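Q: Below, each chain spelled out in residue letters.
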Amino acid sequence: MKTPVIRIDHVSKEYYLEKPQNIKGWAKRLFRPFDTYEALRDISLTIYKGQFVLINGPNGSGKTTLLKLIAGISEPTQGTVRTVGKIAPLIELGAGFNYELTGRENILINATILGIPKSIIVKRTLSIVQFAEISEFLDVPVKRYSTGMVARLAFSIAVHSNPDILLLDETLAVGDKSFWKKSINEVDRLRRSGVTIVWVSHFDDYFKTKIDKVVYLTKAKQ
Amino acid sequence: MTFNSQIYFQLISVFARREIMSRYRGSILGILWIVLYPLAVAVILNYVFSYIFRIPIGEIPYFLFVFSGLVVWSFFEQSIHLSKDCLVWNRELITKAAFPKSSIPLSYIISKILDLIISYLILLGLYGGSGFSIGIQSICLIFGFLPLVLFTSGIGLMVSMANAIFKDIGKTIELLLMVIFYASPIIYSHTSVPAKYTVLLYINPLSLTIMNLRSSLFEHVFRLDLFLLNLLIGAISFIVGLYLFLKFEKKMTDLI
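Same order as they appear, the protein sequences are chains A and B.
Here the first sequence stands for residues 270 to 491, numbered as in the working numbering.
Here the second sequence stands for residues 5 to 260, numbered as in the working numbering.
No lab work stands behind these hints, which were simulated from the structure alone.
Bear in mind the structure is a predicted one, so any value in this text is a computation, not a measurement.
One should not assume that every hint holds.
[Unchecked claim] Looking from chain B toward chain A, a few residues come up when the C-beta cut is under 7 angstroms (computed):
no., residue
1, 11
2, 18
3, 26
4, 29
5, 95
6, 96
7, 101
8, 104
9, 250
10, 251
11, 258
[Stated by the list, open to error] Beta-carbon label-pair distances, calculated as ranges:
no., chain 1, residue 1, chain 2, residue 2, range
12, B, 240, A, 272, 53 to 59 angstroms
13, A, 389, B, 196, 55 to 61 angstroms
14, A, 395, B, 93, 28 to 34 angstroms
15, B, 185, A, 485, 42 to 48 angstroms
16, A, 354, B, 203, 50 to 56 angstroms
C-beta atoms are modelled at their ideal positions from N, C-alpha and C, and glycine is treated no differently.
Model the full assembly from the supplied sequences, consistent with the hints where possible.
A: Spelled out as structure tokens, the structure:
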């Protein structure tokens, strides 16, 4: 039985190239609409439970925009996006980290944003930092972390959030080789346990055999 | 993505804690500032109004009179200032994570309740320390702040959204705050307002809160009528603010 968990129906997304900054700008807009940039045009796509989907395409073809629409961070200009289940989006590693606060405090904040109740966060904190290999830095402010440590922590929080759908932007390339392997194994484990994974990447070598669907976005003329 | 209310309140409390902790992190006195700041304000007021400016206002020392107004005013003013910029400060989070964004301005306002309670307790301490008796009505006043918090939250939600989209709002708010400051009985008594303007006192939640505070503290009368009117205005403000915020929430992600 195939259950659709992500249904994208004739979706287009336009961004304002220059956002109107003041009231005068908004008044003008009544007469001359601002220039817009069409990031996605008429995309339809259905993703089923447990599928591993790779989104591929050149820079500027709308890969991240598509992820943001699936995550519900922004709304399509046209068409509908429907999803079932809990989504953990990893659009940018460490977005929303407060660098003055410690790792422990940031785990609480980020995991809350991913919708995990506090009692469960407290229980999982240890395994989150163990997976991220930063146990000894748990109570150190994040501003003292290296880039790799921040990335590992953010990834670890996302995979520990028990998502139904995991959205990964080109974020896995940050860690070193051994952490990359570990992350890939974790993603694979989640996939086998029935988590739907949407992965944006230029590289598909690792998963060539496991990918169920490849979405290739091209850059259209404006 | 659906967020249940448990997670929503958890978000607000986590953000509020983050705000309180990061506000004082790195400073040597740290969290002590929450107490020191209003205490220093009271000391300054005391010197200015007891030795330099002498304004007779019955038996209550004028500095306590002003301080009682400032307790309410500071909460409102600082909350609105934080709300104004809070969405812009959290742009990264707003454009990269999916969660109810209204939790951001609300958490900043909630974080200011701690300051409100502490400066109110300082006021009670100074009043009692000056030899006046404190009635049970003053304790009731903790609840008397509920309409103020609702009103401030409603305005804060609107201001945060407006300033995230139109940058001009920021300066306008500064000017409006100044008008509200002089339009509320903070440095003067509500009894000195001419009769034809008294209606302004009764539609302004700040003046309603201050009038109730002074009545409870100085005259030992908790004004239930003022409280209920205030609660009504506060509730309307909160509902309108939340409605407008939710209406523009998704659009804001692309415009901020």
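Q: For every hint, state whether the structure bears it out.
A: Each hint tested on the structure:
About 5 angstroms separates the beta-carbon of residue 11 of chain B from the nearest beta-carbon of chain A, less than 7 angstroms, and the hint is met. Interface hint status for residue 18 of chain B: upheld, as the beta-carbon distance to the closest one in chain A is roughly 5 angstroms, under 7 angstroms. Annotation: residue 26 of chain B was flagged as interfacial toward chain A, and the flag holds, the nearest CB pair being 5 angstroms apart, inside 7 angstroms. With 7 angstroms as the threshold, the beta carbon of residue 29 of chain B comes within range of chain A, its nearest partner Cβ sitting at about 5 angstroms, so the hint holds.
About 10 angstroms separates the beta-carbon of residue 95 of chain B from the nearest beta-carbon of chain A, more than 7 angstroms, and the hint is not met. A least Cβ separation of about 5 angstroms between residue 96 of chain B and chain A falls short of the 7 angstroms threshold, and the interface hint therefore holds. A hinted interface residue such as residue 101 of chain B counts as satisfied when its beta carbon comes closer than 7 angstroms to some beta carbon of chain A; here the least separation is about 5 angstroms, so the hint holds. Given hint, residue 104 of chain B at the interface with chain A, is violated; its Cβ is 10 angstroms from that chain's nearest Cβ, farther than 7 angstroms.
The restraint placing residue 250 of chain B at the interface with chain A is violated, with a minimum CB-CB distance near 13 angstroms, outside the 7 angstroms limit. Restraint check, residue 251 of chain B versus chain A: the minimum CB separation of about 12 angstroms is more than 7 angstroms; hint violated. Contact between residue 258 of chain B and chain A, as hinted, is supported at the beta carbon level, the nearest pair being about 6 angstroms apart and thus within 7 angstroms. Checked against the hint of 53 to 59 angstroms, the pair residue 240 of chain B and residue 272 of chain A fails, with Cβ atoms roughly 44 angstroms apart.
Between residue 389 of chain A and residue 196 of chain B the Cβ separation comes to about 57 angstroms, which falls inside the hinted range of 55 to 61 angstroms. Taking 28 to 34 angstroms as the suggested C-beta distance range, the pair residue 395 of chain A and residue 93 of chain B conforms, at roughly 31 angstroms. For residue 185 of chain B and residue 485 of chain A, the hinted distance range of 42 to 48 angstroms is not satisfied, since their beta carbons lie about 60 angstroms from each other. A hinted range of 50 to 56 angstroms holds for the C-beta pair residue 354 of chain A and residue 203 of chain B, which are about 54 angstroms apart.
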